[in-house]
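Whole structure, please, built from the sequences with the hints as guidance.
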Amino acid sequence: MVEAGRTLEPPSGWQGIVSDWSSDQRAFKNVSWGKAMMWIFLLSDTFIFSCFLLSYMTTRMSTTVPWPNASEVFALTIAGHSIPLILIAIMTFVLISSSGTMAMAVNFGYRRDRTKTAVFMLLTAALGAAFVGMQAFEWTKLIHEGVRPWENPWGAAQFGSNFFMITGFHGTHVTFGVIFLVIIARKVWRGDFDHERRGFFTSRKGNYEIVEIMGLYWHFVDLVWVFIFAFFYLW
Amino acid sequence: MAQAAAHAEGQQHPIKLYLVVWGWLFILSIGSYLVDYFALQGFLRWSLILTFMTLKAGLIVAVFMHMAWERLALSYAILVPPVFVLVFVAIMALESDYTHLMRVVFFGGG
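Chains Y and G are the protein sequences, given in the same order.
Note that the working numbering has the first sequence beginning at 1, numbered continuously upward.
Note that the working numbering has the second sequence beginning at 1, numbered continuously upward.
Hints in this document: simulated from the structure, not taken from any laboratory.
A hint or two may mislead.
[Unchecked claim] Here are the computed distance ranges between Cβ atoms for each label pair:
hint: 1; chain 1: G; residue 1: Gly-42; chain 2: Y; residue 2: Gly-146; range: 42 to 48 Å
hint: 2; chain 1: Y; residue 1: Ile-83; chain 2: G; residue 2: Gly-42; range: 21 to 27 Å
hint: 3; chain 1: G; residue 1: Phe-88; chain 2: Y; residue 2: Arg-197; range: 43 to 49 Å
hint: 4; chain 1: Y; residue 1: Ile-78; chain 2: G; residue 2: Gly-31; range: 20 to 26 Å
Using N, Cα and C, we set each Cβ at its ideal position, and we do this for glycine too.
Shown next as structure tokens:
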């Protein structure tokens, strides 16, 4: 990115794509390696989640046994009323809120506001943990009702395997996200990126961009939930 | 492209923008929940669910993940490959229709 004597703006549009990719240098001009690699990892993760959702579509379309009604399966009885899909709705709002607090954290990270960045990251982690907690509740409830990867009381057996696979894989992503959020928040809090403290594992100096890279991962987890919510719970 | 240069040192945008997007994500989520709450069915249900989903996904990627401000070389490298998943969807839809037909024909619907 820092090329001596370079004063011209790089071209934009299609010309920009061609010149970036054919420059015989790094293709992603204004993006650090850390950020580019996170994007490429997320692209690979997109394919994995796509394959899960695709196999769900395939099993659901090809089975001749009735598919359970998600609206009823995930309903909760609150104050004597059965409210459809309410647990999943709450989980969705918790995850969207966490995306908002993460965006705030990234913003304050670039303003080098240590305290606010760390607080918003921890808030994000707390919302993420709440999400996983509710998922654990959801799993427990369904297991009690007899849902297994090979059967369920309401019809097509594939419902169970798809449910545990898709929500389990997503929940694992959220859990890892929470762990990394706490780790990065700690680094921000004690000023690692202001004092250029070297990392324990890599012995490299970090900078505030790691908050944005962490944010990319977190928003991606929320993004995947948007698709799971639409296809698995609302379909 | 003045934008790209301005954001070369980091993705700094006004907080108000994030708050507006956050608000929209809430509104769109409420929309998708209401589709289920009022038990809409058929084409209406489908088009509403997919519309809300696409808008939410678009807002998250464009603003929260800053894709709107990246150079096109990165945006296209990341956004174009998932589009090909749609081809896979079409193939698997044909395949599952066929499997379903075979099950009905040979197992008598069950």
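(request) Go through the numbered hints given earlier and state which of them the structure violates, listing their numbers in rising order. (result) The structure breaks only hint 1.
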